[in-house]
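Kindly produce the complete structure, drawing on both the sequences and the hints.
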Amino acid sequence: MKHNTKHNTKGSAKGSAKGSAKENAVNVLRSVLFVTLGSTSFVLNAEPVVATDIESSGPVVSAEIQSAQKAANGSESVAHQNMHQDMHQENAQTKLKALLNNMQQFRAAFSQTVVDAQQNVVHEAEGVLTMTRPNKLRWETTFPDETLLIADGEAVWNVDTFVEQVTILSQDNAIKDNPIMLLTSNDEDTWSMFSISQLDDALASMSNNTTAANLKSFQITPKSQDGQILTLTMTFNSSDALAALTMLDAQQQLSTLIFSDIETKFPLAADTFEVDVPESFIIDDQR
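Count along the sequence shown starting at 1, add 5, and that's the number in the working numbering.
Among the hints, a few may not be true.
As the list claims (entries may be wrong) - Cut-off 16 Å, straight-line C-alpha distance, at most; resulting in silico cross-link-like pairs (EDC-like, lysine to aspartate or glutamate): (1) LYS141 / ASP177; (2) LYS100 / GLU159; (3) LYS228 / GLU131; (4) LYS100 / ASP276; (5) LYS228 / GLU193; (6) LYS100 / ASP205; (7) LYS141 / ASP157; (8) LYS221 / ASP254; (9) LYS102 / ASP194; (10) LYS102 / ASP245; (11) LYS141 / ASP192; (12) LYS228 / GLU279; (13) LYS102 / ASP192; (14) LYS102 / GLU193; (15) LYS141 / ASP276; (16) LYS270 / ASP254; (17) LYS221 / ASP231; (18) LYS228 / ASP254; (19) LYS141 / ASP245; (20) LYS141 / GLU159.
What the hints contain is simulated information worked out from the structure, not anything from laboratory work.
Laid out in structure tokens, this is it:
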């Protein structure tokens, strides 16, 4: 494959018309590659420390000692709450890992809707998502435009046939701090970058009328505050297959992907995660 370094000579109107779509497509990969924890208090009802007043007939409790005792009880309560939350997160992570480990392959049609903070629909798309573990993903849209995004384990390729251009990004940089990487990663260091909790109320907005009682949802939050994705929620159906992804980004845009025609075992073509770039295409290599 030759890297064509010629400048793009297509009309500026054509490029600008597709610019936002291309930018959205790359951001989708960064979003596709996005419970409040029960804070039960554990208060220890210890007997107060008692001081003896030699001028009185009985024991009295020192105000200073009472204050220290309350502080100690408060610290123990916070410690127990933190331990409870850690156990909750560890249990949720174990469950999510088990579900994803059973999903070594995934292919499904998707319907995507993006709404802004004012609940206005700003983007809709349809297509097919194919993933294999570890670290490979193929995202094809058929509506409103035909685009192709491929993550091959090392690089992300965004192929825009309309403007005849391919943008290449480092996969590590493209999905840095993005919880979507857990879909295809087995790396313990990667998993340690996120907090995971199981939601009490699973995603109910499923297009196939699946009841929430049959769903399992996990909310994933990056521990770092530097990423573009604030939370990612993965929802699994009664067959333990990935049924939906919901992502909230730093601009308070909420992206929901609903999956249908789900497959978790299928023959995979050898070139599924390869990109054949035509000679006429511009290559923008940003790795």
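Now the hints, each set against the structure:
At most 16 Å may separate the alpha-carbon atoms for a hinted pair to count; LYS141 and ASP177 meet this at roughly 12 Å. Taking the CA atoms of LYS100 and GLU159, the gap is about 28 Å. The hint is violated against a cut of 16 Å. With a C-alpha separation of about 31 Å, the suggested pair LYS228 and GLU131 falls outside the 16 Å cut-off, and the hint is violated. Annotation: proposed proximity of LYS100 to ASP276 is violated, straight-line Cα distance about 32 Å (limit 16 Å).
A threshold of 16 Å between alpha carbons decides the hint, and for LYS228 with GLU193 the separation of about 15 Å falls inside it, so the pair holds. Taking the CA atoms of LYS100 and ASP205, the gap is about 14 Å. The hint holds against a cut of 16 Å. At most 16 Å may separate the alpha-carbon atoms for a hinted pair to count; LYS141 and ASP157 meet this at roughly 5 Å. Restraint check for LYS221 and ASP254: not satisfied, since their Cα atoms lie roughly 22 Å apart, outside the 16 Å limit.
Among the hinted pairs, LYS102 with ASP194 is consistent with the structure: their alpha-carbon atoms are about 14 Å apart, no more than 16 Å. A C-alpha spacing of about 12 Å is found between LYS102 and ASP245, which places the hinted pair at or below 16 Å, so the restraint holds. Proposed proximity of LYS141 and ASP192 is supported: the alpha carbons are some 14 Å apart, at most 16 Å. A C-alpha spacing of about 33 Å is found between LYS228 and GLU279, which places the hinted pair above 16 Å, so the restraint is violated.
The straight-line distance between the Cα atoms of LYS102 and ASP192 is roughly 11 Å, inside the 16 Å bound, and the hint therefore holds. Under the criterion of a C-alpha separation no larger than 16 Å, the hint pairing LYS102 with GLU193 is consistent with the structure, at around 11 Å. Between LYS141 and ASP276 the alpha-carbon distance is near 12 Å, which keeps this suggested pair within the 16 Å criterion. Restraint check for LYS270 and ASP254: not satisfied, since their Cα atoms lie roughly 31 Å apart, outside the 16 Å limit.
For the hint pairing LYS221 with ASP231, the CA-to-CA distance comes to about 28 Å; that exceeds 16 Å, so the pair is violated. Our distance criterion of 16 Å between C-alpha atoms is met by LYS228 and ASP254, whose separation comes to about 14 Å. Restraint check for LYS141 and ASP245: the C-alpha separation of about 21 Å exceeds 16 Å, so the hint is violated. Taking the CA atoms of LYS141 and GLU159, the gap is about 9 Å. The hint holds against a cut of 16 Å.
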